[in-house]
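Spelled out from the first residue to the last, the chains are:
There are 2 protein chains.
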Amino acid sequence: METVAIVGVGLIGGSFGLALRKAGFSGEIIGVSGPPALSAALARGAISSTASLAEAAGRADLLYLAQPVDRILNTIASLGPLLSATCLVTDAGSTKRQIVSQASRFLSSGSFLGGHPLAGKEVRGAQAADADLFLNRPYVLTPVTASTPASEDFRSWLGRMGASIIELSPDEHDQTVALTSHLPQLLSTALAATLAHQSNPHLQQIFGPGLVDMTRLARSSPDLWLSILSTNLPALTAALDSFLASLSAIREALGKPDLSSYFEDGAAFAAQLRKLDSTSPPGDLG
Amino acid sequence: METVAIVGVGLIGGSFGLALRKAGFSGEIIGVSGPPALSAALARGAISSTASLAEAAGRADLLYLAQPVDRILNTIASLGPLLSATCLVTDAGSTKRQIVSQASRFLSSGSFLGGHPLAGKEVRGAQAADADLFLNRPYVLTPVTASTPASEDFRSWLGRMGASIIELSPDEHDQTVALTSHLPQLLSTALAATLAHQSNPHLQQIFGPGLVDMTRLARSSPDLWLSILSTNLPALTAALDSFLASLSAIREALGKPDLSSYFEDGAAFAAQLRKLDSTSPPGDLG
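Residue numbers (this note's numbering), protein chains in the order written: chain A, 740 to 1025; chain B, 740 to 1025.
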């Protein structure tokens, strides 16, 4: 590929541009975004030029959609007439079933490859973009058609960025992130909202580091999350129902020896997760 | 006070000894514990001698109970005949209602002052003891009788260690920690146990830093937590029921605009918590 266009140059889109450069890409990187995001991305070197979506879609060999999920859905619906015949469209959206289905409806077969980098930071915007954001992190791809020269080329660039590519079906992806990402987000929000609604005046005084950990995700922005959650309702509802069943069983087991099996199963899962996660700090023993 | 005895010289007991020394205490610090813990505490300088509980209780001006909650309850029941007339007994247990009630039953009035340092680390044992563990952290005291010269002296040492003393009734304390400590612990355990019980083979591959945060508490040891939880059942059940009501309401609001109010309330609570917590890192924006 010689020309890449990144649509939405926030943290993920900006990091994709920087990671491409670090991996040795020397072609044009066109940014498509609002003026403040484009300025920040140009200043960081994450993009080398700017254009409208129509112009970028006509010129790019790879179109990287790094917008919020609801905007990715809208962009895909408008892309059909704009794309050059050989352009590969991919995305970085947090859910895949609706996005892949939208692409099947609006784009020609083989021209779309869904993706989701499991990477992020606590800050937004191209200012915080990081050439190593994808390094050693999982990068899910959800192909539903045979690979093409363009999709093989894109994969090889992801490999050069140090991403760990994992192939899943869109449904497998969405069911997995419902449990590992969307459920934890809702629990953190529900915990913080529960505490916000208490009249107890001491809650903001008497707490330890555990509450700080457990309410970190609650600071996530609703505008991003509402569109993620609303595109994964069946899997998320199933995940929530599993959790509600566990928590109700734990409530019944309070004060009884049965409770220890939940602690043991949970501790074993949490320990296993850390063995597999190179970013987790050592000595994290609860 | 000239002689202090610490019963249970793990992380908290060992840190209390080191913090006393750093604050200028030059008297004897007697350790009462199992042989491995005593060796570690002597090696760290957290205690200066060892004795049986009976001998320590007869000689100490302050008896600091830093055992698990169930063992504090047992120790208090056996102390009555052993204590010198002027000894103040205090504890560092994570719940206060049952402990204070046990002290009212077995110890003479005014000789007990319940306490709970909101301090900790992810590692256990006197090896990890830290002279600054209580510095700038809340230290709850739950007096139920008038202060005495011995209790005033103890408070002044806590002040010299840099602890922020907060007075609550035992019930206020237990209701507060049910929400800020015991509920988060159960949610982390329930989340990790829910994931442990899924057949999805991708859970250990496809996750981000949010799941690592949300399962950290799940690694806590069941032996400590079962006795904490079992001594706070009424408040904990009420906290769980509040949470279950919030989460069920969130489940109903999925896919609807109502969901944003939970995100906004949760984000506001989480932000406020961080303003008041000097130990929270900056830029923690979900």
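Don't read these hints as lab results, they were simulated from the structure. Source: prediction; values computed, not measured. It is possible that some hints are incorrect.
For chains that are exact copies, the list does not tell them apart, and a pair is met inside one copy or across any two.
Result set (EDC-like, lysine to aspartate or glutamate): computed pairs, CA atoms no more than 20 Å apart in a straight line [unchecked claim]: (1) 1014 with 869; (2) 860 with 871; (3) 1014 with 911; (4) 995 with 892; (5) 860 with 952; (6) 761 with 962; (7) 761 with 869; (8) 995 with 869; (9) 860 with 1004; (10) 995 with 980; (11) 761 with 1004; (12) 860 with 991; (13) 860 with 997.
Comparing the hints with the structure gives:
Taking the closest pair of Cα atoms, residue 1014 and residue 869 never come within 20 Å of each other, the shortest separation being 25 Å inside a single copy and 27 Å across copies. Taking the shortest alpha-carbon separations for residue 860 and residue 871, only the intra-copy value of 12 Å comes in at or below 20 Å, while the best inter-copy value is 30 Å. In the homo-oligomer, the alpha carbons of residue 1014 and residue 911 never lie at most 20 Å apart, since the shortest distance is 23 Å inside one protomer and 39 Å across protomers. Neither within a single protomer nor between protomers do residue 995 and residue 892 lie at most 20 Å apart by alpha-carbon distance, with minima of 57 Å and 40 Å respectively.
In the homo-oligomer, the alpha carbons of residue 860 and residue 952 lie at most 20 Å apart both inside one protomer (15 Å) and across protomers (13 Å), since each shortest distance falls under that limit. Taking the closest pair of Cα atoms, residue 761 and residue 962 never come within 20 Å of each other, the shortest separation being 31 Å inside a single copy and 49 Å across copies. In this assembly of identical chains, residue 761 and residue 869 lie within 20 Å of each other by CA distance solely inside one copy; the values are 10 Å within and 43 Å between copies. Taking identical chains as interchangeable, the C-alpha atoms of residue 995 and residue 869 are never at most 20 Å apart, the minima being 49 Å within one chain and 34 Å between chains.
For the identical chains of this complex, residue 860 and residue 1004 are neighbours neither inside a copy (29 Å) nor across copies (22 Å), given an alpha-carbon limit of 20 Å. Proximity of residue 995 and residue 980 under a CA criterion of 20 Å is satisfied inter-copy only: 18 Å between copies versus 24 Å inside one chain copy. Taking the shortest alpha-carbon separations for residue 761 and residue 1004, neither the intra-copy value of 42 Å nor the inter-copy value of 41 Å comes in at or below 20 Å. Within a single copy, residue 860 and residue 991 get their C-alpha atoms no closer than 38 Å, and across copies no closer than 29 Å, so neither meets the 20 Å cut-off.
Taking the shortest alpha-carbon separations for residue 860 and residue 997, neither the intra-copy value of 38 Å nor the inter-copy value of 27 Å comes in at or below 20 Å.
Consistency note: the structure conflicts with the earlier hints numbered 1, 3, 4, 6, 8, 9, 11, 12, 13.
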